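Colleague: Protein chains in written order, with our numbering: chain A, 1 to 226; chain B, 1 to 274; chain C, 1 to 290.
No wet-lab data here; the hints were simulated from the structure. Owing to the predicted nature of the structure, the values given are computational and were not obtained by experimental measurement. Glycine included, C-beta positions come from ideal geometry on N, C-alpha and C. Watch out, some of these pointers could steer you wrong.
Claimed, not checked - Simulated DEER-style distance windows between Cβ atoms: (1) 177/A x 14/B: 51 to 57 Å; (2) 177/A x 29/C: 27 to 33 Å; (3) 169/B x 226/C: 45 to 51 Å; (4) 17/C x 128/A: 46 to 52 Å; (5) 128/A x 115/C: 30 to 36 Å; (6) 258/C x 172/B: 50 to 56 Å.
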Amino acid sequence: MRKTAPLTKIVMVFLVSLWAMLLDSAAALALLTAALVALFALSKAPAASYKALGSLGIFAAGLTAMQFALGAEAEFSAVVGLRMAMMTGLFILLMATTRIQDLTAALVRQLRVPYEYAFMVTASLRFVPDLLAEVKAVQEAQACRGYSNRGSVARRLRNYLTIVQPLVLRSVTRSETMAMSLELRGFGANRAGGYGTSIAFGYRDYLALAALAAGTAMIVAMRFYR
Amino acid sequence: MLEIDNVSYCYKAGQYAVHGVSLTVADGEFVAIAGRNGSGKTTLTRLVMGLLRPTAGTILLDGRATAGTATAAIARQVGYVFQNPDRQIFRDSVAEEAAYGPEQLGFAAAEIRDAVASALEATGLAAMAAAYPRTLSKGQKQRLAIASALALSPRLLILDEPTSGQDAREKAALMELLTGLNTQGTAILLVTHDMELLARYARRAVVMTAGRVVFDGGVRELFAGDTDVGAWGLREPAAARVARGLRDCGVAPGPLVPEELNGEIAVARRELYA
Amino acid sequence: MAAIVFDNFSYSYDGAAKALDGVDLTVARGSFTVVAGPSGAGKTTLCFAACGVVPHYFGGSMAGRVSVAGVATAGSSMRELAVNVGTVLEDFESQLVTMTVAEEVAFALENRGVGHDRIARRIGEVLAQVGLAGLEDREVGSLSGGQKQRLAIASVLATRPEILVLDEPASALDPEGAEELYALLASLNREYGMTLLVVEHDLARVLAYADNLLVLADGRIACQGRPEEVLPVLARSEELAAMVPPLWQLKFGLEERFETRFAPWRHEGEAIEELGGFIGAGRREDTKSA
């Protein structure tokens, strides 16, 4: 999966999601889900994504059980659970096997999304770990002053402000620095973007796209001309 | 009052951030911890606060193991001042900010008032009790962070690089403040890169390298010229470095600050009279 | 031609309090200028003014003018000014915006429409220059503090500015890291002829490199000149005396005690050499008179 171009994977996410919407047999969806799990196994995805996949499985099972408990038919309940699992699983697969910078480059150069928007996506993903580290640092600083996350819900919420307030102020200063830095480095002008990214199509992309197109045609035909 | 007994901490299996460290800090001591970034100094102090829990070994406060004690409870005995005060300041006045700890730990209203008043007094912020904390200077914010810790009247105060980014005057004022607290009985554990400050203010120095304590002894001993402190990532204070270079000219080793070396050089010049 | 000229420049963020007040300053081409002074003296504002962040990013009100490489900052955009001035802000970690080291260096080049082949070559050159060669594919988040600082420098060096402005670049580094950073800056200054404007509290760190020292207090220039001109002035001032590096405290102390003058020591080695002779001379005199 890593050698497949990001655009191919984006197309795959959309088309296979479409298949999941169109198919209404639990057996077909289960087959598709099995194929997705196989793809995961082949893709050498990082361990964290298996964890995500695991929780997704549990959530999907829960959803199915809930539908069933609420009086839906067994087949329908399974279809709902599998569809949800399929569509989310596809997205996890995309993120696990694509570098964010490649995704941005594909969005900008192949899908013509304006660079500024695509950059914001990358930049926010880039700052998530930093933000989490900052949350931890603030939490620790307050713990050393007697903060504890115990007591009634109201008290806990009020206490949480002691974390949120320094965090917000720090994030504001931080984004200010980033904005200055962007401007100082000439951001925003007509740029090519995507240095060091690999988004070019190879033979496997053409093969995959052909297979996806054929699959879509087949499923659409089955669904509407049955 | 603090005993660290053969403590280790691993981020991942086999990767030691702190490795078999034993260290005691007695009541009223002034100890500095030095070492490269990543040598385990900060990890060690975080273990003391219970922000991390040792992989092996025990930490005792007044003879009692802290293993099951929450950080908030440890804060009554040990105050911790972080490098960046902006990460903790959140209230609208200096006094309210300092009152946060005592409130959290359920002090009575009168106790809170007294604790805040004496903490602001000790840190020289009494006149600014009503000021808005965010507009204070870096040095004043750091004092407020110290006041916040002092409001719980801890017997040990740990400070992680409290002088970084401050100007020379603020640094000196902060160190004078710590010296004052120390004479009144608060033990000080100062994590610092600044060897000039260490030489001038601390009596005992602990040096860490790759998670281990490689030196624990007098500051004068550390810079007497017999140990290669450069190998531990430290830089000798200027006076100690010059004194070492002048050893062959009859300058006695040991000066830590310019005034001391000045005297030694005078002695060396008049040596024949002596 | 001077690299940076401040001509009676005053600036206020909010229109009330003056962050800079009537600053006259000329930074010569190829100079290593260090800006020092108490907190709140206007050092960061001075950096901002040199790269156009003041007034372009903050607005505010200004008087007088600043020109950089002959261009008036008020009349051109931050983007245009950045061609001549590279800026590393105090919070350099927030300045890094991409995922990997190579992309960070490529960022400004891409923004200027440089072709991929030239970008690839430039990344190699710049990373070698700052001592990060071989780390092209590392994630920025996985670097140490010192490495991030170097990357921030590399990312602005990429477009070959002739002036580099750095705001307290060593404050997050340990003593070794700070020493290495200043050795790097000195090599950019000496080998590549870059003009440097650096804010630094700890003058001991820059004594060996700085040829121009600028001390700000309350938004005004308290004194400026070669270190050997400025340090005696600081030593005599009650508010600023604490800024004198310990080596020069020693020098001034001895000069007063023995009523003599020593050379302007740039590091401990020079002091040891001169003091060795000084002590020896003292002994010989004693022997003669005895």
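Colleague: State for each hint whether it applies.
Modeller: Hints, one by one, checked against the model:
For residue 177/A and residue 14/B, the Cβ-Cβ distance of about 37 Å falls outside the hinted range of 51 to 57 Å, so the restraint is violated. In this structure, residue 177/A and residue 29/C meet the distance hint of 27 to 33 Å, their C-beta atoms being roughly 29 Å apart. A hinted range of 45 to 51 Å for the beta carbons of residue 169/B and residue 226/C is inconsistent with their spacing of about 24 Å. Taking the beta carbon of each, residue 17/C and residue 128/A are about 37 Å apart, not inside 46 to 52 Å as hinted.
Here the CB-CB span from residue 128/A to residue 115/C is close to 32 Å, well matched to the stated 30 to 36 Å. For residue 258/C and residue 172/B, the Cβ-Cβ distance of about 27 Å falls outside the hinted range of 50 to 56 Å, so the restraint is violated.
In the structure shown, a violation is registered for the earlier hints numbered 1, 3, 4, 6, in ascending order.
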